[in-house]
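Participant: Sequence:
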Amino acid sequence: MRKFNIRKVLDGLTAVSAVASASSAAQQQQAGNRETEIQETLQSEHFQLCKTVRHGFPYQPSALAFDPVQKILAIGTQTGALRLFGRPGVECYCQHDSGAAVIQLQFLINEGALVSALADDTLHLWNLRQKRPAILHSLKFNRERITFCHLPFQSKWLYVGTERGNIHIVNVESFTLSGYVIMWNKAIELSSKSHPGPVVHISDNPMDEGKLLIGFESGTVVLWDLKSKKADYRYTHDEAIHSVAWHHEGKQFICSHSDGTLTIWNVKSPTKPFQTITPHGKQLKDGKKPEPCKPILKVEYKTTRAGEPFIILSGGLSYDTVGRRPCLTVMHGKSTAVLEMDYSIVDFLTLCETPYPNDFQEPYAVVVLLEKDLVLIDLAQNGYPIFENPYPLTIHESPVTCCEYFADCPVDLIPALYSVGARQKRQGYSKKEWPISGGNWGVITQSYSEIIITGHADGSIKFWDASAITLQVLYKLKTAKVFEKSRNKDERPNTDIVDEDPYAIQIISWCAESRMLCIAGVSAHVIIYRFSKQEVTTEVIPMLEVRLLYEINDVETPDGEQVPPVPTPGTGSNPQSIVPQSHPSTSSSSSDGLRDNVPCLKVKNSPLKQSPGYQIELVIQLVWVSGEPPQQITSLAINSAYGLVVFGNCNGIAMVDYLQKTVLLNLGTIELYGSNDPYRREPRSPRKTRQPSGAGLCDINEGTVVPEDRCKSPTSDVKDNSFSRSRSSSVTSIDKESREAISALHFCETFTRKADTSPSPCLWVGTTLGTVLVIVLNLPPGGEQRLLQPVIVSPSGTILRLKGAILRMAFLDTTGSLVPPAHETWREHYEDKDEKEKAKKRRPVSVSPSPSQEISENQYAVICSEKQAKVISLPSQNCIYKQNITETSFVLRGDIVSLSNSICLACFCANGHIMTFSLPSLRPLLDVYYLPLTNMRIARTFCFTDNGQALYLVSPTEIQRLTYSQETCENLQEMLGELFTLVETPEAPNRGFFKGLFGGGAQSLDREELFGESASGKASRSLAQHIPGPGGIEGVKGAASGVVGELARARLALDERGQKLGELEEKTAAMLYSADSFSKHAHEMMLKYKDKKWYQF
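In this note's numbering, the protein residues as written are 1092 to 2188.
Derived from the structure by calculation, the hints contain no laboratory data. These figures come from a predicted structure and were not determined experimentally.
Here are the simulated DMTMM-like cross-link-like pairs (lysine to aspartate or glutamate), alpha carbons at most 20 Å apart as the crow flies:
id, residue 1, residue 2
1, K1318, E2099
2, K1162, E1202
3, K1142, D2018
4, K1569, E1495
5, K1321, E2100
6, K1359, E1340
7, K1693, E1708
8, K1359, D1299
9, K1142, D1986
10, K1624, D1503
11, K1463, D1549
12, K1231, D1188
13, K1320, E2099
14, K1695, D1549
15, K1142, D1188
16, K1973, D1986
17, K1389, E1254
Put together the whole structure using the sequences plus the hints.
Facilitator: What follows is the structure, given as structure tokens:
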């Protein structure tokens, strides 16, 4: 047996590695000593990852609560999330770790605390007196399922009803169970032979806290006397109960039932209801009962001092109203208003002037929580108008299909978008202020503006002001209005390539400085928009049709394809506006009627009135070619200085001069290589050697074959990868997946060839096979000449290679600063002739290099692919730095961003890691496991921007923002709003002299005496388990860790503690004074009436 010398093997390995490192060092040295001069200021300590805020409507809401004193609204969801809303701009998101559905929420009114009941039978006490609420205590029920909770105002004892029909009592201060239990069999005794069902309602009599009203699902209601531990009255009804509500005087209550009826009961008449109402039932003749209706899921009974009480209910519509939308019914005196909602009602609450249940309620508004919306109805105005909702809850108005995030925008941009967006607002809202007005805003520490742009399935685009961790919609653009719409499915053109949502936005390219906007849609269409503050009517919509085809002859040679010469300007399409031919009705399989030269959508041929804002400059559509549908666009770029837009898909690339309305370039991807094609392209067959890494997102889902080359809508199937950015995602057959798609495009001014001595305008093209190609742009002079002379486009012959599909490209100057693409500054397009002349004189469209790019100086190209990043010195084209980002996964999004006056590369990988790398050296600075790629929505919407900000769509209705900047993390605590503010609790209603003397007023109850351990004993330990929470001012650590955050929190805690102690001292002094004066008055009264007989009073 041969022996190995381990030492020699190790020596060999170290020698090899030494040689490798020496060679790489030599390569970097060879690239020039200039590279080493760049001082990189970013270090690992500049980076920290944390969530900042969540915007949008709470996904799958399940519970609702309101604090009438603090004026704070809470919404719980089916995924265990908790969203708290105060005044506009004050929002908070929390999450229960278990992820179980929230079934009920109860505020400790004006105490800065909230109890949540979850479907996993846990109760949690949240502390809201801190900017990031946290759980103080939890209680897990082991043997019984929680169905309903009730916490009386100013009480520390929480009643918990269960599925078995029992009621347990929890001390919310210690979160422990009392030994006092109301068992279902004691509650109903012999009134029913069967089990009454789960507890669906608990409330105490508004006038007597010692009487508890318990509603059981089967239809039985019990008034329980807490002191004597027995039932005073039992009320039975044939129909199941859904909810119960008291009249404030405590003499009547109302129940809602499963047959669409309401029963009103007098407390002391348990034999039959005082009144039965069927709000939506048809009254039949002969005194018969009305026809049964759908269940009334909830009812509220609210009184007013001046008029009739309000009875407000959800559900209860008659069964013959098929297709009718969900309704909220408001009954006030003899009038009944039926308010239709857009979505099904989850819950509603009536907002009242008083928190005291034993006073006139004076309702002023109704909060209605819908499946996908939050509506507030003004009860004080005729017609019950709704309040204008100030929260950003309409992100999902149409499903979001793509997202872009821009930080540090020009200062005049947000006001400009707001002014054109203000005209789009609806009318007819309530004139009153938004009633949910609690909390205080945080301190604004950011000085820069941020804009989020969302693209939607219906073709709309929304611009949002996202500055200082808030969100407000600025402007909405409807891109679909340029196309003819089919009235019904039968009229739909058979040229569609998607089953639904043909106008859905796929890619957004926006130049903030020039305000030029370009979008690519799912039907292989591109629309270019120009911003204007003036209204215009476009007589004929300018449009171009592009025939982008992937053709290979049946010859197995690398150069077997026919390469047409680079078209001259205007070839490939008529430069004039084209009205598409009528859509052929024959199927694509018929030999004589193949769809050819037909776009997927039909542009309107009538004049189009365009409001101030974004107005159409040009519509470009890819057309069907010999029965083959156009493939979806995978990359897009616009440049305002050059007047060019470029887009690509799995067939090739097209460049359009949008000023002259001509097609400059129309090439198959293979034709870009010319004779330099490194691949042996086999005709119509899959690549056998290896699957191209450009498959990217396809690796993580099924990639189902869709008949007739139709791809699904981005909203129709989560698994469908039709919206993966920068990939040939709509191509579903094996043949098409092997094609090389255009995955990245970047206009710049740099060195195009090794021999270049000065930078010039060019386009860098990245493909899914990891190739970067450079196209030279020869632009005519500015002014009139730009509109008359053609732009000359030619390949440079430069080819660079990386592993994996190319995602992003950027350029650095010799100092390591980012070289932004050339751009124009915005000016009004429709100016007077004199203004235009002045503009021509003062602003020639120059594309000369910036001062930092002197002719002899280098530039650096930063290229990021799915697998690696490279920094390449220009013009030498030497790779000076390389970083393999991931071996086992792939990068979903890579962005070159600025942070702390420097720049870095930020990447989000499919394995959930967020990473940043220094530039140009590509040193790893941050690598945090943050979020696994659980669905395509995250991949489609994740984006980084400058100043350490990022976002993604965390659910179909919500945007999650996060930061990777240490500085932002430290300042976050100050920026967040405060939910809890010090508010004086309103005075209790005056009982009046006679009520105080003869009774009849509200009866108080010493609950401690009844439920405390001394009176009721200890609860069974096996019944529920207490779990201490991490919350409390001392225990909570917000996202901002670090010394500054800790000191700030300690200071806040001390301030609050000092404030509370001060208040306590004042209240104690006031109570002592009050007790002293009461003692004096009592003594005086005693002396006055001491010798009088009872009849002399």
